[in-house]
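Protein chains: 2
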Amino acid sequence: MSNLPFSDPVISRARRIAERTSPSDCDPKVEALVNELIGRVADKWTMIILEVLAENGELRFTQLGRQVAGISQKMLTQTLRQMERDGMVTRTVHAVVPPRVDYRLTDLGASLGAAFCGVWIWAQDNLAGVEASRVAFDTKVG
Amino acid sequence: MSNLPFSDPVISRARRIAERTSPSDCDPKVEALVNELIGRVADKWTMIILEVLAENGELRFTQLGRQVAGISQKMLTQTLRQMERDGMVTRTVHAVVPPRVDYRLTDLGASLGAAFCGVWIWAQDNLAGVEASRVAFDTKVG
DNA sequence: CGGAATCCCTTCTGATACTG
DNA sequence: CAGTATCAGAAGGGATTCCG
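Those protein sequence lines, which keep their order, are chains A and B. Per my numbering, residue 1 is the first one in the first sequence, and the count goes up by one each step. Per my numbering, residue 1001 is the first one in the second sequence, and the count goes up by one each step.
Check the hints yourself; a few may be wrong.
Unchecked claim - The following residues of chain B were derived to be distant from chain A, with all beta-carbon distances above 10 Å: (1) Arg1066; (2) Leu1076; (3) Gln1078; (4) Val1096.
As the list claims (entries may be wrong) - Computed list of lysine-lysine pairs in DSBU-like fashion (alpha-carbon distance at most 30 Å, straight line): (5) A:Lys74 with B:Lys1140; (6) B:Lys1029 with A:Lys44; (7) B:Lys1074 with A:Lys29.
To be verified - Output of the computed footprint for chain B on chain A, the stretches with three or more beta carbons under 8 Å from beta carbons of chain B: (8) 44–50; (9) 80–93; (10) 116–126.
Since the hints were made in silico from the structure, they are not lab data. For every residue, glycine included, the Cβ atom is placed at its ideal position computed from N, Cα and C.
Build out the structure end to end from the sequences listed, making use of the hints.
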């Protein structure tokens, strides 16, 4: 398991937050583009693949599929293509039989993983709180 | 526009990253639950609403709809209900005519907003890089 | 092994119309 | 104003089959 550059990038990003009024406090044309990018990147499978690759460094297609519990081969392929197109992962095809394809995060992908790291931690820390809120909401409505 | 607690929570969370090998380096049962929670919370509209409410403090239904460019009234209602159920927002109904309903982030919601902040900044910083990667990919595939 | 292609069902999402 | 209800098209996503 590789040692990830999670702490430094996240902390430096976090520091820069203090310089801005809000995360998207910038010109409106850019804001629309940012929203679009967020929409594509804030995807369940993208986030999970990002994390698995961040943990393991480099994985083959099937290995990746096993690590990402619950994903179908179709969605794995689809998501990986999208991530490759967006510059998040590199896809290396080895000319051997049986074929071997390795996936690895690019620097861009690793930086997104680092940015998402805060959300993972949040999810772990607040699992119980969210569940409690749901129960309360459902019994009040139910 | 309220002054948000973005810097402190994000930095403290980021600091805690150094204590862990990876963001989900914990027991497998919890990991599945975390994945599920991520799947629900890593949603385009949830993220954008979270950010708009973080910036504005408290908003009425229609005001919120105007701030969230491109959302339909249906998705706005749906997403807000979900967020209310998950404990992210409070929904305050004023018994007046015409009706008035205010939405505001809870502490839980604000903390998620803080966690997402790194992703927003990432998206702003890497907009050009992603776009360039897409162009390169598309011309190569062509 | 690492896909691509197809089928088929479900969910998402926007538009429109209606209500307390 | 702040929704609910309904409909229809688009996209998401699983299962299966086939190929280099």
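Hints and how they fare:
no., hint, verdict
1, Arg1066, "13 Å, holds"
2, Leu1076, "15 Å, holds"
3, Gln1078, "15 Å, holds"
4, Val1096, "23 Å, holds"
5, A:Lys74 with B:Lys1140, "23 Å, holds"
6, B:Lys1029 with A:Lys44, "18 Å, holds"
7, B:Lys1074 with A:Lys29, "25 Å, holds"
8, 44–50, "holds (count 3)"
9, 80–93, "holds (count 4)"
10, 116–126, "holds (count 10)"
When each numbered hint is compared with the structure, no violation occurs for any of them.
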